[in-house]
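As you go down the protein sequences, you meet chains A, B and C in turn.
Oh and the first sequence: position 257 is 257 in the numbering used here, straight run, nothing missing.
If you want the numbering used here, it's the position in the second sequence, counting the first as 1, plus 292.
If you want the numbering used here, it's the position in the third sequence, counting the first as 1, plus 621.
Think of the hints as simulated: they come from the structure by calculation, not from any bench.
Virtual Cβ for every residue (Gly too), placed ideally from N, Cα, C.
Among the hints, erroneous ones may be present.
To be verified - Here are the simulated lysine-lysine pairs, PhoX-like style, with alpha carbons at most 20 Å apart:
no.: 1; chain 1: B; residue 1: Lys405; chain 2: A; residue 2: Lys198
no.: 2; chain 1: A; residue 1: Lys198; chain 2: B; residue 2: Lys565
no.: 3; chain 1: B; residue 1: Lys491; chain 2: C; residue 2: Lys880
no.: 4; chain 1: C; residue 1: Lys888; chain 2: B; residue 2: Lys536
no.: 5; chain 1: C; residue 1: Lys764; chain 2: B; residue 2: Lys565
no.: 6; chain 1: C; residue 1: Lys733; chain 2: C; residue 2: Lys764
no.: 7; chain 1: A; residue 1: Lys191; chain 2: B; residue 2: Lys536
no.: 8; chain 1: C; residue 1: Lys733; chain 2: B; residue 2: Lys491
Stated by the list, open to error - Negatives, chain B to chain C, calculated, CB over 10 Å:
no.: 9; residue: Ile367
no.: 10; residue: Asn379
no.: 11; residue: Pro402
no.: 12; residue: Leu431
no.: 13; residue: Glu435
no.: 14; residue: Ser452
no.: 15; residue: Leu490
no.: 16; residue: Arg498
no.: 17; residue: Asp558
no.: 18; residue: Ile561
no.: 19; residue: Asn619
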Amino acid sequence: MVKNKSFLSERIGEFVRDLTGSGTGRLTIVGSSILIFFIVLAIFAPYIAPYDPTEKVGLSLEPPSRQFWFGTDNLGRDILSRVIYGSRIALSISFMGVAIAFLIGVPLGLFSGYLGGWVDRILTLIMDAMYIFPGLVLAIAIAAVLGPGVINISLSIAVVYAPTYFRIIRNQVASVKSELYVEAARALGAKNWEILLKYIFPNVLPSVVVVLSMNLADALMTEAGLSFLGLGIAPPTPDWGFDLSSGQRFVLSRAWWGILFPGLAIVFAALGFSMFSEGINELLNPTIRERR
Amino acid sequence: MSLLRVSKLKKYFAVKRSAGEILLRVPQRYVKAVDGISFEINEGETFGLVGESGSGKTTTGRLVLRLIEPTEGTIEFDGIDITRLSNRDMRLLRNKMQVIFQDPMAALNPYMKIGDAVKHGLEIHNIGKNEQERKKIVLEMLEKVNLQPEIYSRYPHELSGGQRQRVVIARALILKPRFVVADEALAMLDVSVRSQLLKLLLDLKREMNLTFLFITHDLATTKYMCNRIGVMYLGKFVEIGTYKHIYESPMHPYTKALISAIPEPDPNIMNSKKRFIPHGEVPNPINPPKGCRFHPRCPFSMDICTSLEPQLINMQDGRTIACHLYNSH
Amino acid sequence: MSYAKDEIVLKAQGLKIHYHTQKGYVRAVDGIDLFVRKGETIGVVGESGCGKSTFGQGILKLLPAKTKYEGELLVGTTNVIPLDEKEMKKVRGKIVGMIFQDPMTSLNPIVKVEKLFHETLKEHEPNISMEISRERTARILEKVGIEPERMREYPFQFSGGMRQRVMIALALVLNPDIVIADEPTTSLDVIVQAQILELLDELRRSYNTSVILITHDLGVVAQMADRIAVMYAGQIVEQNIKNKIYYQPKHPYTKLLLKSIPNTNPKDLQLNFIPGSPPSLLDVPPGCRFASRCPFKMTVCEKEPPVFEIDEGQVKC
Chain A
1 MVKNKSFLSE
11 RIGEFVRDLT
21 GSGTGRLTIV
31 GSSILIFFIV
41 LAIFAPYIAP
51 YDPTEKVGLS
61 LEPPSRQFWF
71 GTDNLGRDIL
81 SRVIYGSRIA
91 LSISFMGVAI
101 AFLIGVPLGL
111 FSGYLGGWVD
121 RILTLIMDAM
131 YIFPGLVLAI
141 AIAAVLGPGV
151 INISLSIAVV
161 YAPTYFRIIR
171 NQVASVKSEL
181 YVEAARALGA
191 KNWEILLKYI
201 FPNVLPSVVV
211 VLSMNLADAL
221 MTEAGLSFLG
231 LGIAPPTPDW
241 GFDLSSGQRF
251 VLSRAWWGIL
261 FPGLAIVFAA
271 LGFSMFSEGI
281 NELLNPTIRE
291 RR
Chain B
293 MSLLRVSKLK
303 KYFAVKRSAG
313 EILLRVPQRY
323 VKAVDGISFE
333 INEGETFGLV
343 GESGSGKTTT
353 GRLVLRLIEP
363 TEGTIEFDGI
373 DITRLSNRDM
383 RLLRNKMQVI
393 FQDPMAALNP
403 YMKIGDAVKH
413 GLEIHNIGKN
423 EQERKKIVLE
433 MLEKVNLQPE
443 IYSRYPHELS
453 GGQRQRVVIA
463 RALILKPRFV
473 VADEALAMLD
483 VSVRSQLLKL
493 LLDLKREMNL
503 TFLFITHDLA
513 TTKYMCNRIG
523 VMYLGKFVEI
533 GTYKHIYESP
543 MHPYTKALIS
553 AIPEPDPNIM
563 NSKKRFIPHG
573 EVPNPINPPK
583 GCRFHPRCPF
593 SMDICTSLEP
603 QLINMQDGRT
613 IACHLYNSH
Chain C
622 MSYAKDEIVL
632 KAQGLKIHYH
642 TQKGYVRAVD
652 GIDLFVRKGE
662 TIGVVGESGC
672 GKSTFGQGIL
682 KLLPAKTKYE
692 GELLVGTTNV
702 IPLDEKEMKK
712 VRGKIVGMIF
722 QDPMTSLNPI
732 VKVEKLFHET
742 LKEHEPNISM
752 EISRERTARI
762 LEKVGIEPER
772 MREYPFQFSG
782 GMRQRVMIAL
792 ALVLNPDIVI
802 ADEPTTSLDV
812 IVQAQILELL
822 DELRRSYNTS
832 VILITHDLGV
842 VAQMADRIAV
852 MYAGQIVEQN
862 IKNKIYYQPK
872 HPYTKLLLKS
882 IPNTNPKDLQ
892 LNFIPGSPPS
902 LLDVPPGCRF
912 ASRCPFKMTV
922 CEKEPPVFEI
932 DEGQVKC
């Protein structure tokens, strides 16, 4: 039998059928609708949000009303507008964090796996040490050193996830490099970097695409966690995690809306990411998928 | 004039020891895949290597291309000892020596279009002035191996097994090599396709004046391709001769066994054939038998066979053979 | 055709097996008539993708769910087509044994050999004790040339040839009427192949088992088979006793196939081949399936070719 590699181009038709036909397909659709909803919020925030999220527009701690759908916070700012603007920070940091992690982990994994030997052993040791360290704790430590700011937070998230990419890529490369087509490329006289780029990289890339989408949900939670602890973005920039932490001080004064809405936003965005990635994973990975 | 001269070539693969074995100082063991072989291939000649799995024939093929480093011995290609070349010099020489593998699906990058795969060799060795010229050369080569130009932008999984092997042949021959290693190049194909490709190889060989090292387990195909055939057993040659020597009058007991085991597509031959099937299987090449490596399975085994390793000697009819049975005079 | 006193152990009539893929149904077996007599070896030959392996697995209904079976397939006297999984289990092993091409993948490498046999025996004799099954395992292993003590080892500790012997023993332990051997020696070296084929033939004779030998190698069937069925694109194009197939082939495909095999005769340097390639079984052309490659093509070949009975066999042309 011919080994059938999964090619996106020829699978699209089947993919669409799976999307609409199966349970996992529906999962993906729900997940991606949530994602698209948040992305639209983030991009068009200035047009959607009724108020400026950093200005005092009402009284302090007003409950939800016609005027302020989600109520106002202790500084009299509109929570709805803050939640809408908050999606900008949440999404951009999680995307950036994962992207940086990808850019660090993948090339290192490629080198490590291809070169082998002591380079590989040292890199693997470092990455494994980082990998077993609890993610949030590591992010906190790095964020504390780097200080607040979008780039810095993204970086501290990236450090947490880079080892994941490194490990996957490294192990894949180590097995792909003994494939016959790699030997064939060497027999042609190809240089090492050509072999790595043209023959190995395309064959290991699909395995990280799935992890990429899964990590987005984690990164979003980590970002919220960091800013909840005050290590995130400097106020008054709207941020779900920060709003959650400032809102919780007033729960005792029965201002439940201060934490409910930012909290819901975090939950839904994370849910959207993970449903999406779960679905994508099963659709792309024929070993999980049951043969029908 | 000999294009390839291999002498006393050895390749020992280290057997991985477990941590416990290293601690207990269990000595490092080696798989003696190729254990001291010498042969020459003249320009334009095809030398066949036959033997069962574990005989070291595939390792020999990879060694002469220096895809793996030899443990000992020299490989002279066109007068240059390639075992001493730097990696860079070796890379530059690779357009002169090419390889056709057994499994064309595995030998092609699944994410690389056929055209790009065939073209890559040209890019590496700076053949052709520009992209267009290279594409032209590739299309010409595809035509030479009887492939349609549409294939240029296809992926390997879209082709049939025979087409894929044609692509692999095109990729190897587009560099105009002088020497080609064909490692079981036809083994995975169906009979009707196999003959087609055998014919193609023969035509290309004549046209391009190629020198082949033809590795196979299928003796019938060596008849068409090979000037001389070397029979390997456990990393060594037991007999080297022409197809007539090997097939019509095999002398070494192992060669005899090999020949008698071939299933012929002819019931009458199969009924009349004297079968000579030795017991057991090829022993472990970590610990090959002492003396003659075939002696535990050989029905003609003598005392001397258990202790003294027979050397290759030249016979009057032109073949060489390593067996004590023919060593008495 | 007269079946006379010969006992027919397997008979396929109009058998169709279409299996499901993502691209649609593959008509791998598309109308096969074939019978097997007690104690004979029938060779089913053809190139890859001709449906010969599907036929072999289809007899035991080992193909994935969603496979469509049609026609009649008598094993002994029961038609197995309507049988469900549970009833098929009684047929598998007991009445029809199976030998696969690659013993490495078809024997669970981490289950001891004795346990493999015990499990197989237990399928059909639920109360069998380990002692009795060990005894029977020892007996059959000895028959296939393996020291009985080795039953305590794992399949991965055996060499390729030895593993295939285990496989044969496993197929024969329940003393089935029919053994299907699907490319039993393709992954083996010639000398080991010769050993295994000899063993298989010897066992067939001593157990009086029928063997369905599925292979692409016309040399193997020349040695082993009594009768041969040549398959092309899901159909049997010709079947006959061995010598008729080799020396008086009727169907153009058989003729060309035989010619295209590189022989070992040093004087014959002619190379023949069949141009083109077989049709896709996803979308089979009407009429004769070999027509597009046939040098004797006529206009009538656009219609479904009739089956002619010729002395001992049939040809569809």
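Going down the list of hints, with the structure as the test:
no. : hint                : in the structure
1   : B:Lys405 - A:Lys198 : holds (11 Å)
2   : A:Lys198 - B:Lys565 : violated (52 Å)
3   : B:Lys491 - C:Lys880 : holds (14 Å)
4   : C:Lys888 - B:Lys536 : holds (10 Å)
5   : C:Lys764 - B:Lys565 : violated (26 Å)
6   : C:Lys733 - C:Lys764 : holds (19 Å)
7   : A:Lys191 - B:Lys536 : violated (43 Å)
8   : C:Lys733 - B:Lys491 : violated (48 Å)
9   : Ile367              : holds (27 Å)
10  : Asn379              : holds (35 Å)
11  : Pro402              : holds (18 Å)
12  : Leu431              : holds (22 Å)
13  : Glu435              : holds (17 Å)
14  : Ser452              : violated (6 Å)
15  : Leu490              : violated (6 Å)
16  : Arg498              : holds (13 Å)
17  : Asp558              : violated (6 Å)
18  : Ile561              : violated (8 Å)
19  : Asn619              : holds (24 Å)
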